[in-house]
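Each chain sits in its own coordinate frame; assemble them with the hints.
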Amino acid sequence: MIRRGLDRLLGRGEGRADSRTVYVGHGAWSPAQPFTPPRYCDNRIVSSKYTLWNFLPKNLFEQFRRIANFYFLIIFLVQVIVDTPTSPVTSGLPLFFVITVTAIKQGFEDWLRHKADNEVNKYPVTVLDGGRSTRKESEKIRVGDVVEVLEDETFPCDLVLLQSSRDDGTCYVTTASLDGESNHKTHYTVPDIETDLLLLNATLECEQPQPDLYKFVGRMYIRREGQEPAVRSLGPENLLLKGATLKNTSKISGVAVYTGMETKMALNYQGKSQKRSVVEKSINCFLVVYLCILLSKALVCTTLKYVWQRQPGQDEPWYNQKTQKEKDTDLYLKMFTDFLSFMVLFNFIIPVSMYVTVEMQKFLGSSFITWDRDFYDPQIQEGALVNTSDLNEELGQVEHVFTDKTGTLTQNNMEFIECCIDGFQYKYGNCASELDGFCVEDGPVNKLQRKAGREREELFLRALCLCHTVQVKEPGPGLGPVDQVDAARAVEERGFIASSPDEVALVKGAMRFGFSFLGLDCMKMKIQNRNKEIEEYDLLHVLNFDPVRRRMSVIVKSEAGETLLFCKGADVSIFPRVREEEVMRIRTHVERNATEGYRTLCVAYKKLSTEAFAQADASLREARLALQDREEKLLNIYDQLETGMNLIGATAVEDRLQEEATVTMEALQNAGMKVWVLTGDKMETAKSTCYACRLFQRRTELLELTVRTLEAGGQKCEGRLHELLLDYHRRAVQDAPPAKGGVSRSWSSAVQDYGFIIDGATLSLLLKPPSSRYTSLFLEICQNCAAVLCCRMAPLQKAQIVRLVKNTKGSPITLSVGDGANDVSMILEAHVGIGIKGNEGRQAVRNSDYAVPKLKHLRKLLLGHGHLYYVRIAQLVQYFFYKNLCFILPQFLYQFFCGYSQQPLYDAAYLMMYNICFTSMPILAYSLFEQHICIEILMDNAILYREVARNASLRWGPFLHWTALGIYQGLLFFFGVHCLFRNPALQDNGQVYGNWSFGTIVFTVMVFTVTLKLALDTRHWTWINHLVIWGSLAFYVFFSFFWGGIIWPFLKQQRLYFVFANLLSSVSAWLVIILLILLSLLPEVLLVVLRKPRASHIQQLKMRSSARKHRDFLSNTGVI
Amino acid sequence: MMASSYSAKEEDGHHSGAPGPGGVNAKSRKPDNTAFKQQRLPAWQPILTAGTVLPAFFIIGLLFIPIGIGLYVTSNNIKEYEIDYTGVDMSSPCFNCSQNYSWNSTKPCTCSVAFSLDQPFESNVFMYYGLSNYYQNHRRYVKSRDDSQLNGNLNSLKDPSKECEPYRTNDGLPIAPCGAIANSLFNDTLELYYNDPNGTKIPIRLVKTGIAWWTDKHVKFRNPVGDGSNLSAVFQGTTKPVNWQKYVYQLDTDPDNNGFINEDLIVWMRTAALPTFRKLYRIIEKQGDATPTLPRGNYTLLITYNYPVRSFEGRKRMILSTISWMGGKNPFLGIAYITVGSVCFFLGVVLLIIHHKYGSRSNNADIAS
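Sequences listed follow chains A and B, in order. Quick note: the first sequence, position 156, residue 156 per full-length UniProt numbering, numbers continuous. Quick note: the second sequence, position 240, residue 240 per full-length UniProt numbering, numbers continuous.
Chain B on its own, in the form it takes in the complex (with noise of 0.2 angstroms):
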């Protein structure tokens, strides 16, 4: 019986095997045995341990705390001064032109702020203007504009995006550059002099180009081009903006910083992140070894008041400033290097000494396991 059921099973695993095609068969059914199918991928299989990170807790803490140092005294370095001549108090010079502000007047209000400095600003000084409590920000906003129709785009010129209501057309017109963002351009004067000792206003020459990405100026933003050279009548048949007091050709009388290529347009066209922000306005580039950009002493900054801030709360500011490689003034970087840098190297030792005193206990479980 025993020796009988043997054989079956041995014809049975004869016949299983004898016919060639259930033979294939029954190979291509046995699923393959490659490392990927079978899960045996070769692998890498790090496993963190305090042992194993203790040393980046340390390099990291050597490295972070002379990099923050280094930010911290270059923002220290910076030299910047702030004036806000937004002329909310009686006292200031310019709260008469703030009072009395309406769109249409033709003449502009101007007033001018004196001011100080103690120490004299090396190299090239930047000149920003800053605006507080106002929404750049603000989705109605951000998307009140025609990319299309400031890259030139003759189409778009005659006929802007939707998204540019309320500002799209004026009496008929289509507005360009349209939208929202464009017509609330900045659009205050400042100029400022350098009250020399002896009692006259010396004007400091302030560069108006090199102040919008290079890309935005030669890529981004484009003037339309028409039969002629000449930018109004590439421009026939729009209208301005309803708050601009010049049409978009008449920004600047250089042909390179007119029309849609203006810089200031486009510095203001890059919408700022949070309601509080500033703008670079101007440069003043250094003029020689000798002297630095901005020497100590008194300086009057005149502005041509032209935009209302008092209607939402607002504020503005002018601010000079030094660069340094790290960009302005903002001591965060320097102190948040410093303190993650401490703080890793403190974790470091802490780690060092459980790793001493824990390692050696679960080595000793180990063994004991």
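Bound conformation, chain A alone (with noise of 0.2 angstroms):
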């Protein structure tokens, strides 16, 4: 006693942050210690950004970090102060607005967040509190609460379970909600603790919080009056997980042990970051580079300002006298105020207009998505749904496809397939009229006659039946007796439970062999042979399935007394415990299955005699009750038992996949997608799923990196480990033939494929510090795979995973798809979250980017849908640049000539008009609606998607190309029209033009080249875009006689009065804006037709004919 008080307080004292002490109803330890109540964190979930007062200082700070959104308030800012050749209006305008519309959006976004947190928070529970229950709100269950929970309620918090309202001390729950495995699993009550809840005087020690959902450690004292304290050692099947829904059990009762944030589902749920697509960083990439021009272009002209003003009489001829105020300025503060100019009246290189036109563009272009018809699933009736449109582009681009596996990759829905029995197979076939009769007959093997003994298939069959931990479900109340006969429907009926669902495909095979389990009754097994007549056993013990031993067995007693085990696990665990020559039989049946993508279990079964019964009844028991190393002397009796024994026969379940589910896969990896699939199964079901939608191949050589390899080695785990990866290097990345071209890689089929395979454990212990060295490794292992599957893992990992890809180098664009709450945290961490509308909650349609009703539509979603979203917001995004610089470099050359003066060249309803009207709707359209390649096309030909691979269209190189085009043609512009002007007298009656005629041609140049140059870069021309195109262009010419065509009064200056009409009575004009926009045509119409003419015009080309073919078909037909 006093030696553990000692341990205690050292314990405490040393780590407090080692674990944390719980008192069970808050009742004291002792009444001789001090009670001191720990201080926990309150049950309140808070998943919201804003609070009502923070919301507008937070969210402009947000928006202003946004480098585009700072600039412009600089940029407004400037105008306001200093007197610039443009108003303020100009910029502040649009930036107001942009700002208004973001700020409503986030707002009300998050006020949907706070409505569902404030949902789980004002839950009403039931807390015992000294001896009443009361109801309380859930979020002010503090540590240390006894509380009620009913069936089909989920947990407000972690608890440790006290009592159940089962005899057997055990509750049911699913946690579909939190690593997405829906079927039941079995929790069980603390051990010999009273009844009566209220007299408990309990303390319980458990460690902190940690995010394992699988992870649990503590102890319980239960203190009993005059009695040594008892000491009951709690895992994590005493504990229930908030988030968890309890199943099949009316009531229980717990205690609070990890509340509010420190919950393990709150530990492992992640903050919703806002996602930026790899374009804006591009954009912001091109930003800088634009602001540098604008800043060097500012600097330029305001040192040869004051270069050229030291010439005498520059600065203020007598003609060109300063104002009283100019002349008063400090030198320095003018040169300041000059550089602040010339950056006003440059900054039209970087438009705020861009930012618009790219949010509606991606806002109008998520709706393409939503409108698909091919998204639209008739079953759960809904198309696709967009929750962001941000990342349209994202689509496009993705490199790593990270899939969970379970509904998926595969409906979640186990199917008996086929059995083996003795090395014959019997296949459930057509016979599904034949009530009861055990149709081996029409299998095709069978036909010859050979079949095993009827015997061997009832002990097959009754194996099946019995060698399980499959529950009935219990049938609800006001439903009679049911007589015998009926059993077996009833039961069907009302289906069964099981910890995993191939349990349940298997006792269902069974059933339509004519072997049905009734049930477990007070430890009796019921089945239903195939003559009806009822057979029960005695269930002596259950050894349970762990993924290390692979097997599961139990021991029965039959009706005649025979003592049986029957053994079910994978092939490997159980070939080396039979004898050689059933192997022989069986093996090629398993095999075959297996590389079919069935999950495969062989079944064994062995005789005890009375005497070894006994015994392993008594070690049994022992190993059961032991405190210490219990696992471990119960896997070496379970070893002991499991062996000598003869082999019967082999199943084959099917998982059966999604629709499509190997195509969709085969069309990632032809895009140069590598696959990678993480579950939180088990690897064999994981790995036979692999192989079912072919992800590995029967030549894919696998590299396995789990638990069981290292510990095959029987080394050093991380020694074993180290070495592994070394060894797998070396095999698939430096011994495999250089990469030819990168893009091209995993094409050539002579390369050898390799698929590699991890588990949770390892994972974890190659991201601890002494490993973590090797994740490069790791890393660049997977790279070289063409598949990789990481299985037993929890949702956290399966987001570290996605991070760890994602920080590689080259940053690579990651996208996660998944349907159960498990897979939240990966698709919240990768690039892309795609959820499937599945039948596990709507938690990752929730917090996903774009959520699809199955698997198949991933296909049109990225090669169609990504494909075309990409290209289109790439050339918006280099159009814009593009424009711009060909809008403002004339300007800048002007300052040239107009002594550094900040004269606009342009009119100002030019400047403002040219991003809002005059150019911005064709490249809107453009971007909505081009489709360089037809969808059809781009679906049939995954390896297209490699031509946008890697952001290709906004790297560096076409970056630079729209850039120099940019610049030679506002070169061209602005020194032709100059040329021009070296004699103003442009029309037939002698008159001049002035400094608006010159801004004006060049504008009417400008508009008209940087629209045609869009057009020959559009592909697809749907009456949209000639009406915005060619209107556009009309609506110019309309608003420049407009404009020109009145004396508006509110203007301070009637500059274009006239201007436009004037110019177009020149032939000279005329000639020289024709001239000037072929010319700059010119060098584009030649890049395009000499560039070799890419695959993806030959296809379309063949396309279009084929299609033409086609069409003339269907009218010839009659069908058109």
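Just so you know, the hints here were simulated from the structure itself, not pulled from any lab data. Accuracy of the hints is not assured; some may be wrong.
Claimed, not checked - Mimicking DSS-like on lysine-lysine, the simulated pairs with C-alpha atoms at most 27 angstroms apart in a straight line are: (1) K37(B) with K856(A); (2) K107(B) with K246(B); (3) K856(A) with K30(B); (4) K37(B) with K322(A); (5) K854(A) with K30(B); (6) K162(B) with K325(A); (7) K334(A) with K143(B); (8) K240(B) with K325(A); (9) K158(B) with K1052(A); (10) K37(B) with K1052(A); (11) K30(B) with K1052(A); (12) K322(A) with K240(B); (13) K297(A) with K143(B); (14) K30(B) with K327(A); (15) K322(A) with K246(B).
Unchecked claim - Short derived list, chain B residues pointing at chain A, Cβ under 8 angstroms: (16) A50; (17) V142; (18) T200; (19) A272.
In this text, a Cβ means the ideal position worked out from N, Cα and C, and glycines have one as well.
Here's what the structure looks like:
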């Protein structure tokens, strides 16, 4: 007692951080010791970002953190303060508009989050407090509270199970919303607890909160009057996690150990950070370049201005005196304001309108995904859902696809396909009509009258019926006692509950062959055999499944008094334990089934003599009670028991793949994406799924890095890990032939394909400090593998993997697909998160960026929509920078001819309207409707996806190309017109043109050139494109006439009065406009023509001819 | 089992289909099958290849070269004569005038420049004055005007815009026309005499109207309308620009060319695009069919030298020029057209060769694949 007290003191003293002590029901440890209630966080979940007071400042801060917004703010302020060539309204109004709209949108989103939080936090729960049960709001639960939960309710916080309404001290929960496993899990009460919780005086010691869902270590001290406190160890099987749902148990009570943000669910939840697309990063990059151009332009102009002014008579000639105010201004201040003025004059090079247009394009463009009928699933009657429109183009850039298995790749719907008894294949075929016939006769093999003996068959089926932990779902109240004959049917309708869906599949499979499992009642298993007789077996022991042993067994006693051990498990774990010749007969079947993607299990049995059983029984009981090394001891006994068995047969269970899963995966791989399967599931299951959807193929060499392979070596885990990693690295990376061209890597079939398998435990080992330097090794291996499978992953580990890959060199774009709550963290972590609208709740859908009903839709989403969106937005961005460069370059050049006086070349109306009206609509239409290759071809030729891979259209090459084009055209516009204006008498009446005519000619040439340049790039002319392109040119002409046609009373200066009309009366002006437009487009036309015809074009041409043929055919046959 | 599950499915389908509103809902949730929403709008999909652009190149080439030649010939046929009369050199006749200049001198300084035309100028001849290194396009200068005042607005007449500073008011009186542009109105007077071979100087009639844009003269610039028809009464209460010697209503005797609608003022107010510019000064109209407007021979240009340009290293020129349909003399357009036309033609030929060679090869590749 003293020692323990000391220990406890020491324990508390040395590591407050290591463990926490919970006083169950807030009872004191002992009256003698002072009771200091420790402070833990309350049970409130906060996922919202803003509160009412901090919304405005915080939101504004976040918005102005965006480089562009900040820049525009600065420009606006400069325009307000300094005398600048343009009015502050020109930049202030758009900025205000953008900021307001964004703030409203974000505010609304946060309000929704507040609502959702409140729903959880205000949920009423029952708490036992001082003998009374009181209703409380969920957020008020404190650590130590004893909480009552009813069936189908979710646990409000992490609880240690104290009491269950079930007799055996168990309860069932489903953790579907936590880790995606929809099966029921059994949890146990802490042993030896008083039935009356009010009398319970106990303390609980457990570790500090940590995110691993499957780990929990604790001790409970139960103190009774006058007795030494009893110590009970606590494990994960005692812990009920927040977010899990109570099933099949009417009521439980538990003590809260972790609350609020410290629950395992909250620790696994990652804040939804704002995702930025690569394109946005590119935009920011270009923005910086343009900002530099802008700054240097302003700097050059300012410097030259002052150099120029130093010459006598230039600064202030007699005809152009300064005002008194200007004369009084300090020289340096003047320089500075001049600099700012130049900035403002040239600031159109970075247009606000681009951001508006990009936002608009994204918003409108994403509706095409929502509208797509191909994404409509008649079953759930829903189409695709777009939660964020910021990432459309990212869909065209994906390099790594992380997919969940259960519910995403597969339907999570296990089905018994076939079995093999003594080497004979039994397929459950078309004989469904025969109600209970064991229809071996129909199987192809059995046509040859070769089948196993009836006895063996029955033994096999009995094994299937007995060797499992399936429970029959209890009938609802009100159902009378079912009579024996109808029992099977009743069972069938009630359904089964099991910790693994394939167990159910096996039981159901046996049922098809005439053996029904009726239920477990008082440790008696009842089965109905083929002759409708009920057989009863005493269930003596269950040797539970575990992933290391990879098998499970039951020991039953038949009515005849025989003690039998049935064992089922993975082939590799069974084969060494049975006789060699039996293996020979079955192995081929098993291997064939495995490569077909079925889950195969081998079934074996063994008769136990009475003595053997007695001995086993004794040792099992003993081991179960052991406090130390319980697991190890049990495993030893299991190992001893499961030897010398007889192999009866094997089963094949299929986890049905999602529709077109194989085709989709193939398409993704062809498109150059690496597919990673991240699953919480067992390795075998996951592996077979990978085989089934052709991620692994027969010739794929698997590199395994799992607990099993680590332990095989018998060394220390770390050492073995490093050894294996180095070995794999040598094989997959160093020995692999050097990749040709990077893009066409995994194409040639001659190259050995590698598949990589890693499990959660190994991964965490790998990521821990001593090994973490090997992570790059690990990633390099993965890069060279066709597919990677990560099994036994906790949700957070999935996110960890995604982050790991995301942060590698070149930061590849990652995409996560998932359907369950366990995928949420990886969906949030990846660049793009896709939710599948499956049947595991809406968590994934809610947190995803895009949600589609089925996996197969991924193909069109990525290859079709993604590719197009990327091309569209890339063109949009490049085009915007280009058109503003050639817009502002002449204005810059003009400064050299106007004494660096910040004189705008164009009229203020043109300056403002250029980006808003004259040139914005065509590019918007382009960026919404362009299909440089039509969607069908994109989907059929996944290779085309590689053309835009790695941000191909927004790299420095294309950017320089566009910039060069902009500079060329800007120079051409200015100097072309400059040459013309050497003699400004351009009309046949000898009258001369002034500076506004000069600007208007340049501007006209520019508007036409820039619009026609886009027309040249448009490959898909719908009527909208026609309307918008020709329409905006017509609008420009109309506007210019209109603007110059009236003396505007609100204008201070009638600069453009009749300038445009007068211009058009000059033949020379017409000629120069035509000449300059042609000349500036000439290099583009040449480039397009001389560039090698790309594969896509040839495809397009081919497609077109075939489409024409098709249409002809249809019209001939009268369909159209 | 199989059968039952099948029937269950059937039942499911039945269930979902049966309730009316549910069905309607489902229908409305299914995206519309419109060509627009499904991105299946009929579209024209042009593909630029050597074959398709080839004709365009040839057409451009064939069109541009003749146009260019036409332009070049036209420009070359335009006669132009230019005299710099700034008086920078000691030898030049206007040296004295340019040297001792003061705004306040009442006695005008005159100088005359003699020149001869080798070729007769047919048809109308246009007389320009040209200034160099004169920044009419300086921002401070360009905005220093009040268009509303010039448009005849009485309020602006009395209270000119702030933009006119520092030429807004003088001695407390508003300046009309205000601003730096008007203040610096070009005020040299140029007269042209034909030196008859027998020694007499025949003055050449210079027409001072028709030199400004029609719309400027008739709409944009208007005299303020006062009670009387007398312009000076309307401009009562305003003062002349600082550097002017006369008031704005004294610019001309012709009432249609006086005040704000004086064409010299209007031409000056249209600020030039570049620091070296010319402005139309006078028109010498053709007299009859028989004689050229300006026959071959010697001429004298008589200059009343008022406008100082030496202080900012400026130059003053007088230009005599005929005009064609394309305007004044400027070989640029002709040369540019010829060049572009030739380049296009050349490119057309190159493309033709490429098309022949490469096109057949790509066809082969096409078939092979």
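Results for each hint:
1. The straight-line distance between the Cα atoms of K37(B) and K856(A) is roughly 21 angstroms, inside the 27 angstroms bound, and the hint therefore holds.
2. A C-alpha spacing of about 14 angstroms is found between K107(B) and K246(B), which places the hinted pair at or below 27 angstroms, so the restraint holds.
3. As the CA atoms of K856(A) and K30(B) are separated by approximately 18 angstroms, the hinted pair is consistent with the 27 angstroms bound.
4. Distance restraint check for K37(B) and K322(A): the Cα-Cα separation of roughly 61 angstroms exceeds the 27 angstroms cut-off, and the hinted pair is therefore not satisfied.
5. With a C-alpha separation of about 15 angstroms, the suggested pairing of K854(A) with K30(B) holds against the 27 angstroms cut-off.
6. In summary, the hint linking K162(B) to K325(A) is supported, as the alpha carbons are separated by about 13 angstroms, within the 27 angstroms threshold.
7. As the CA atoms of K334(A) and K143(B) are separated by approximately 19 angstroms, the hinted pair is consistent with the 27 angstroms bound.
8. Taking the CA atoms of K240(B) and K325(A), the gap is near 23 angstroms; set against the 27 angstroms cutoff, the hint holds.
9. Of the pairs offered as hints, the one joining K158(B) and K1052(A) holds, with about 16 angstroms between alpha carbons and a cut-off of 27 angstroms not exceeded.
10. Taking the CA atoms of K37(B) and K1052(A), the gap is near 47 angstroms; set against the 27 angstroms cutoff, the hint is violated.
11. Pair hint K30(B) plus K1052(A) does not hold up; C-alpha atoms about 56 angstroms apart against a cutoff of 27 angstroms.
12. At most 27 angstroms may separate the alpha-carbon atoms for a hinted pair to count; K322(A) and K240(B) meet this at roughly 19 angstroms.
13. Pair hint K297(A) plus K143(B) holds up; C-alpha atoms about 23 angstroms apart against a cutoff of 27 angstroms.
14. Among the hinted pairs, K30(B) with K327(A) is inconsistent with the structure: their alpha-carbon atoms are about 71 angstroms apart, more than 27 angstroms.
15. Of the supplied pair hints, the one linking K322(A) and K246(B) holds, its CA atoms being roughly 24 angstroms apart against a limit of 27 angstroms.
16. Using the Cβ-Cβ criterion of 8 angstroms, the hint placing A50(B) at the interface with chain A is satisfied: the shortest such distance is roughly 5 angstroms.
17. Against a cut-off of 8 angstroms between C-beta atoms, the interface hint on V142(B) holds, since the closest Cβ of chain A lies about 6 angstroms away.
18. For T200(B), the suggested interface contact is broken, since its CB lies about 29 angstroms from the closest CB of chain A, more than 8 angstroms.
19. Checking A272(B) against chain A by beta carbon gives a least distance of about 6 angstroms; that is within 8 angstroms, so the hint holds.
Comparing the model with each numbered hint stated earlier shows that hints 4, 10, 11, 14, 18 do not hold.
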